[in-house]
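A.B. asks: Given next are the chains, with one letter for each unit.
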Amino acid sequence: MDGERLTIAVTGLNATDNPGPGVAVIRALREAPGFAGRIVGLAYDTLEPGIYARDLVPDVFLLPYPSQGIEALEARLRYIHGRIPLDAVIPTLDSELPSFIALEGTLSELGIGTFLPTREQFDLRAKAGLPALGERAGILVPASRVVTDVEALYGIHREIPYPLYVKGLFYGAALACSVDEAVQAFHRVVAQWGLPVIVQTRVDGEELDVVALGDGRGGLVGALPMRKTWLTDKGKGWAGVAIRDPELEAMAVRFMAATRWRGPCELEVMRDRQDRYHLLEVNPRFPAWVYLAAGAGLNLPWATALLATGREPPPLGPHRVGTMFVRISLDQIADIADFERMATAGELGGGGRTG
Amino acid sequence: MGATDKLKDLALSESGFVFDPYTGSTFSANDTGRKILDGLRRGLDRDAIAAELRQGWDGVPDDLGRDIDDFVLLLRRQHLLPPDFSL
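Quick note, the sequences are listed as chains A and B, same order. Heads up, the first sequence is in the working numbering, so the first residue is 1 and it goes up one at a time. Heads up, the second sequence is in the working numbering, so the first residue is 1 and it goes up one at a time.
It should be emphasised that the hints constitute simulated quantities derived from the structure, not laboratory data. Since this is a predicted model, take the numbers as computed values, not measurements. Be a bit skeptical, because a hint or two may be false.
[To be verified] Restricting the straight-line Cα-Cα distance to at most 27 angstroms, the calculated cross-link-like pairs of lysine-lysine (BS3-like) are:
| hint | chain 1 | residue 1 | chain 2 | residue 2 |
| --- | --- | --- | --- | --- |
| 1 | B | 35 | B | 8 |
| 2 | B | 8 | A | 236 |
| 3 | B | 6 | A | 234 |
| 4 | B | 6 | B | 35 |
[Claimed, not checked] Okay, the calculated beta carbon distance ranges per label pair:
| hint | chain 1 | residue 1 | chain 2 | residue 2 | range |
| --- | --- | --- | --- | --- | --- |
| 5 | A | 120 | B | 9 | 52 to 62 angstroms |
| 6 | A | 70 | B | 16 | 53 to 63 angstroms |
| 7 | B | 9 | A | 328 | 26 to 36 angstroms |
| 8 | B | 70 | A | 326 | 32 to 42 angstroms |
| 9 | B | 45 | A | 297 | 55 to 65 angstroms |
| 10 | B | 70 | A | 272 | 23 to 33 angstroms |
| 11 | A | 239 | B | 16 | 16 to 26 angstroms |
| 12 | B | 45 | A | 179 | 51 to 61 angstroms |
| 13 | A | 17 | B | 45 | 18 to 28 angstroms |
[Said to hold, decoys possible] Far from chain A, by Cβ distances over 12 angstroms, these chain B residues were calculated:
| hint | residue |
| --- | --- |
| 14 | 9 |
| 15 | 11 |
| 16 | 19 |
| 17 | 20 |
| 18 | 39 |
| 19 | 44 |
| 20 | 60 |
| 21 | 72 |
| 22 | 74 |
| 23 | 85 |
No residue lacks a Cβ here, since even glycine has one placed at the ideal position from N, Cα and C.
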């Protein structure tokens with residue numbers, strides 16, 4: 001298959017203690033059977049750790065931050081495509097997705113494939129819209145309300161009992177057990193992420209996650225359920241295990257059918273003590289732990305690359321239940337000359353080599 | 001799903017390491033626990049499990065049935081058996 005010689009660009013090289021998914025996606029692509037193509041890393045900051053993983057990512061280019069606008073991103077991608085012709089790009093960060101979705105047509109004209117949700121699908125799964133999505137898909141969602149002013153918090157307990165979470169529209173969540181704590185959390189979240197905030201009742205139970213890939217026609221290409229077995233103080237999974245959970249997989253199927261989701265996503269789910277499943281969040285991209293999927297025999301990043309380039313991925317078989325991931329922190333040694341090239345030219349590699 | 005179906009899906013190794021594929025939870029069982037688990041997976045009742053344990057070891061206490069019930073309670077607490085399950 002000529003898919004073996006594809007050149008795939010991947011963002012999210014910020015493999016920090018709260019990692020972006022890019023390095024995991026790249027590792028999965030490189031491990032696809034027979035893959036001998038080229039990986040191009042796309043970064044926003046000169047110190048994103050994935051830049052210096054030269055064995056994984058020989059070519060890296062800096063991108064303008066999303067705040068600089070779509071035109072700047074388009075110009076930069078045109079430049080990169082001129083240096084290294086790209087077959088596909090896999091964006092992996094929430095904040096950049098609207099720009100890439102907006103540029104989908106332009107990229108397609110340039111011959112750069114993507115496999116992304118539509119803007120409507122992207123908005124549908126936003127935290128503020130989750131209850132409506134749950135109703136549409138027949139999925140339980142914790143009682144939630146969008147709040148735009150602090151006054152609303154004083155009567156919120158009549159709809160949403162304490163304890164509850166005060167969440168930012170994109171990131172961040174603080175638990176509040178009283179109105180005083182809710183007000184404090186509201187101001188903190190607004191200062192960091194702006195309005196509105198989402199107030200969501202807490203569901204006690206066990207948190208589970210699913211990484212899934214939708215075909216854009218209402219079907220599920222593949223899904224892997226996982227339970228985190230070790231959390232960091234930021235609540236990020238540092239270890240986890242692939243499980244078999246027909247209910248979770250059924251939830252992924254219902255989500256795809258209801259939204260006709262196109263591309264990767266992560267469903268964050270809470271299983272309560274009565275074995276009911278509540279959808280807490282939908283992340284519109286691969287999670288940082290997606291390498292587990294490849295390790296368990298379900299290479300969803302590779303399937304995404306194939307779909308982005310108009311190819312049908314081979315049927316994905318059942319995953320290996322019990323496959324674990326245990327994250328590790330390593331100090332990479334980097335050459336100051338590489339840092340210099342990133343800091344001055346905004347790129348590293350970019351020659352005729354193949355990765 | 002039958003009462004002991006979940007037990008049948010457990011990965012149970014010779015060393016007594018137990019993996020629940022539905023939750024990802026892992027447990028360690030000693031020889032006795034492993035034999036009780038094995039009996040439950042084969043659908044044996046309390047007397048049959050007790051008989052197998054007596055066959056394998058000397059000096060098994062008379063109130064073995066209570067120990068088996070305690071183990072079943074542990075399995076219920078870990079959601080490996082339904083809450084209303086009893087032998």
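A.B. asks: So, for every hint listed, does it hold in this structure?
C.D. replies: Hints, one by one, checked against the model:
1. Between the alpha carbons of residue 35(B) and residue 8(B) the distance comes to roughly 13 angstroms, so the proposed pair stays at or under 27 angstroms and holds.
2. Proximity of residue 8(B) to residue 236(A) is assessed by CA-CA distance (about 32 angstroms); at most 27 angstroms being required, the pair is judged violated.
3. Distance restraint check for residue 6(B) and residue 234(A): the Cα-Cα separation of roughly 33 angstroms exceeds the 27 angstroms cut-off, and the hinted pair is therefore not satisfied.
4. Taking the CA atoms of residue 6(B) and residue 35(B), the gap is near 16 angstroms; set against the 27 angstroms cutoff, the hint holds.
5. For the pair residue 120(A) and residue 9(B), the beta carbons lie near 40 angstroms from each other, so the given range of 52 to 62 angstroms is not met.
6. The hinted range of 53 to 63 angstroms is satisfied by residue 70(A) and residue 16(B), whose Cβ atoms lie roughly 59 angstroms apart.
7. At roughly 31 angstroms, the beta carbons of residue 9(B) and residue 328(A) sit within the given window of 26 to 36 angstroms.
8. For the pair residue 70(B) and residue 326(A), the supplied restraint of 32 to 42 angstroms holds, since their beta-carbon distance comes to about 34 angstroms.
9. At roughly 39 angstroms, the beta-carbon separation of residue 45(B) and residue 297(A) lies outside the given 55 to 65 angstroms, and the hint is violated.
10. The given range of 23 to 33 angstroms is respected by residue 70(B) and residue 272(A), whose C-beta atoms sit roughly 27 angstroms from each other.
11. For residue 239(A) and residue 16(B), the Cβ-Cβ distance of about 22 angstroms falls inside the hinted range of 16 to 26 angstroms, so the restraint holds.
12. For the hinted restraint 51 to 61 angstroms between residue 45(B) and residue 179(A), the CB-CB distance of approximately 55 angstroms keeps it satisfied.
13. Taking the beta carbon of each, residue 17(A) and residue 45(B) are about 52 angstroms apart, not inside 18 to 28 angstroms as hinted.
14. Not every C-beta of chain A lies more than 12 angstroms from that of residue 9(B), the closest at about 8 angstroms, which undercuts listing it as non-interface.
15. Not every CB of chain A lies more than 12 angstroms from the CB of residue 11(B), the least distance being 7 angstroms, so the non-interface label is violated.
16. Annotated as non-interface, residue 19(B) brings its C-beta within 12 angstroms of a C-beta of chain A; the closest such distance is 6 angstroms.
17. Under the 12 angstroms C-beta cut-off, the non-interface status given to residue 20(B) relative to chain A is violated; the minimum distance is some 8 angstroms.
18. Non-interface call for residue 39(B) relative to chain A: holds, since the shortest CB-CB distance, roughly 24 angstroms, exceeds 12 angstroms.
19. Remark: the non-interface label on residue 44(B) is consistent with the geometry, its nearest Cβ contact in chain A lying 25 angstroms away (cut-off 12 angstroms).
20. In this structure residue 60(B) is separated from chain A by more than 12 angstroms, as the shortest Cβ-Cβ distance comes to about 34 angstroms.
21. With a cut of 12 angstroms on Cβ distances, residue 72(B) stays outside the contact zone with chain A, its closest approach being about 20 angstroms.
22. Chain A leaves residue 74(B) outside its interface by the beta-carbon criterion, the shortest separation being 17 angstroms against a cut-off of 12 angstroms.
23. Annotated as non-interface, residue 85(B) keeps its C-beta farther than 12 angstroms from every C-beta of chain A; the closest such distance is 15 angstroms.
Hints 2, 3, 5, 9, 13, 14, 15, 16, 17 from the list above are not met by this structure, while the remaining hints are.
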